[in-house]
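Novice: One letter stands for each residue in the lines below.
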Amino acid sequence: MAQATMASVAQVSVPRGGLGHEIRAVLVVWEREMIRFTRDPARVISSVVQPLLFLFVLGSGLGSLMQAGTGGVDFKTFLFPGVLSMSVLFTAAFAGISMVWDREFGFLREMLVAPVSTTAILLGKCLGGATVATIQSVVVLVLAGLVGVPYDPLMMLELLVLLFIMSFMITALGLVLASRVKQVQSAMPLVQMIITPLMFLSGALFPLSNLPGWLSVVTHLNPMTYAVEPVRSAVFDRLAISPAARAILDPGIFWGSYQVPVLLQVGIVVLAALALLSAAVKLFARTE
Amino acid sequence: MNNSVSGAAAIEVKGLVKSFKTVEAVRGIDLVVHPGETFGFLGPNGAGKSTTIKILCTLSDATAGSARVAGYDVATQRDAVRRSIGLVFQEPTLDGYLTAEQNLRFHGELYGVERISAAARRKEVLDMVGLYDRKGDLVQTFSGGMRRRLEIARGLLHSPKVLFLDEPTIGLDPQTRASIWQYLNELHKREEITVFITTHYMDEAENCDRIAIIDQGKIVALDTPANLKAAIGKDRVQIATADDPAAIAALENEFQLEAKMVEGLVTFAVAEGAAFVPQLFEKLGVAIRSVTVTQPSLDDVFLAHTGTSLRDAESKGAKFNPMMAAAGRGRG
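As given, the protein sequences belong to chains C and P, one line each in that order. For the first sequence, the working numbering assigns the number 746 to the initial residue and increments by one for each residue that follows. For the second sequence, the working numbering assigns the number 59 to the initial residue and increments by one for each residue that follows.
Wrong hints could be hidden among the right ones.
[To be verified] Lysine-lysine pairs mimicking DSSO-like chemistry, simulated, CA-CA at most 30 Å apart: (1) P/K287 x C/K927; (2) P/K341 x P/K292; (3) P/K341 x P/K276; (4) P/K341 x P/K318; (5) C/K1027 x P/K79; (6) C/K1027 x P/K112; (7) C/K927 x C/K1027; (8) P/K341 x P/K287; (9) P/K79 x C/K927; (10) P/K79 x P/K276; (11) P/K181 x P/K247; (12) P/K287 x P/K318.
Think of the hints as simulated: they come from the structure by calculation, not from any bench. Please read all numbers here as calculations on a predicted model, not as lab measurements.
Could you put the whole structure together from the sequences, leaning on the hints where they help?
Specialist: See the structure below:
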């Protein structure tokens, strides 16, 4: 029937690869994450429930106990940056580990046999995971006023950038895990097992001041610590609180007597993210 | 099909070997597939079909030997090979959460299909497999046959020179299998393309221009289906008798023919089967109720080259192929 029209289109040409082609691959992998995200609104709701419980239930419950130690600052205000970080953690980790499902349903193969680099595919995944997680964090971000954090546009922007970088790192971590996990059933428990300690040992839920020695060592080795602290710092910069209270609640990170600048902290997170991404690329290149 | 395209072979394989830890899955394969051909790779499960196709698609490295696809070396020119081939795997590789068109769009972007012609090409391949009106539906709502058709459309999207299909009809009902073959046969009218297909369905192999029979990692026969069958030279004769064991014994004693019970009938192979029948009535000494003479099928070819029927070569509980049996009986 449509023989004639067929002939008019005939063949399409596939130009030789190059940077432009790699970028298209990155973008389309990212776009797929976005499409899947918009198809599943339940995911947004379910993944912010836990952070909100921490903020309002745990925050209010423990708040009365803490009053003495926080220099008059609402415990919920202290928790806010930590909970903000929490809100991206699981979503980002899930975006990375979702490669296990892609493998199970065969789509991973469709991606890995394409004439593009594995780096492009995984970079698209990381950017997708980071975007989805950052969008979700907005749900928590809009509640800032309820816990005494001002709606400062510049702060909001800073926070979104920092959360994006953090999510990128965690998505890359999820990818590293996904390269090793073949069983769909073991994917989620593994994420819980890895992410929960990362979160608890990052200072998201307690100040880094006056920690016992072992805990102090572990938190300083945890890359998440360097991702959470800039978020807290951005929030505390906008709070009208006494220097004494800030010293307790947001002492900053010290290596010995050297105070690690926020920019260096961000740099550490970026490096960790790139290291994890390149590890994932190596692992995926080997598995297929 | 008939394209006598001068120039390089579409696929050229030399001394291909693939060893795994304990087994040698492919044990020295040589073959040449000409441009425009539909080439069938036929053998039981575990014969080395999928291993070979994986090497040709750059998904796996050969232990020894070399292979060129569309003129490119699979070991050293990986991306060039990948740009030149379309793949349809045994296992589904679609994203059920995307629509049919989104799956194709994703593929086009990954393969760097030029944007100007991409949309028209998507329509073209969807039309070809009759899925254009379902393009906006999520793939998870598709039946198995529709998904396979979509995978074929996707494999064609970037106008590959060689289309690899690894058991594209496995697990599909006979009707759907027939329709898949119809699309594949139509394909040559529309595209200049070489098709390399693996199957363990003998009747499907009849659709190929040439077939290679592979058994235990080696090619045991390679020719057109007609030539392969002609080379067997023997027809299959099936008789229903009053006393089957006596008939089998008599065939052995009188004609030196080895007979077996197949599908409840005494079955044996003999040259010029039709001319043999009068002798049979004369000398068998057992009452014969019916006779069926069948020209050799590819199953017989397989049997002749490997010493076992394809069905027996399959792991136990293999799928009995009703079309094949029906076709065989019908021809008598």
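Novice: Evaluate each hint against the coordinates.
Specialist: Verification of the supplied hints:
Under the criterion of a C-alpha separation no larger than 30 Å, the hint pairing P/K287 with C/K927 is inconsistent with the structure, at around 45 Å. Distance restraint check for P/K341 and P/K292: the Cα-Cα separation of roughly 20 Å lies within the 30 Å cut-off, and the hinted pair is therefore satisfied. Using a Cα cut-off of 30 Å, the hinted pair P/K341 and P/K276 is violated, with the two alpha carbons roughly 42 Å apart. The hinted pair formed by P/K341 and P/K318 meets the criterion: a straight-line CA distance of about 19 Å does not exceed 30 Å.
Our distance criterion of 30 Å between C-alpha atoms is met by C/K1027 and P/K79, whose separation comes to about 22 Å. With a CA separation close to 20 Å, the supplied pair C/K1027 and P/K112 stays within the 30 Å bound. Taking the CA atoms of C/K927 and C/K1027, the gap is about 17 Å. The hint holds against a cut of 30 Å. The straight-line distance between the Cα atoms of P/K341 and P/K287 is roughly 29 Å, inside the 30 Å bound, and the hint therefore holds.
Taking the CA atoms of P/K79 and C/K927, the gap is about 20 Å. The hint holds against a cut of 30 Å. In summary, the hint linking P/K79 to P/K276 is supported, as the alpha carbons are separated by about 18 Å, within the 30 Å threshold. A distance of roughly 17 Å separates the Cα atoms of P/K181 and P/K247; the hinted pair therefore holds under the 30 Å criterion. Straight-line distance between C-alpha atoms of P/K287 and P/K318 comes to about 21 Å, which keeps the hinted pair within the 30 Å bound.
In this structure, the earlier hints numbered 1, 3 are contradicted, and the remaining ones agree with it.
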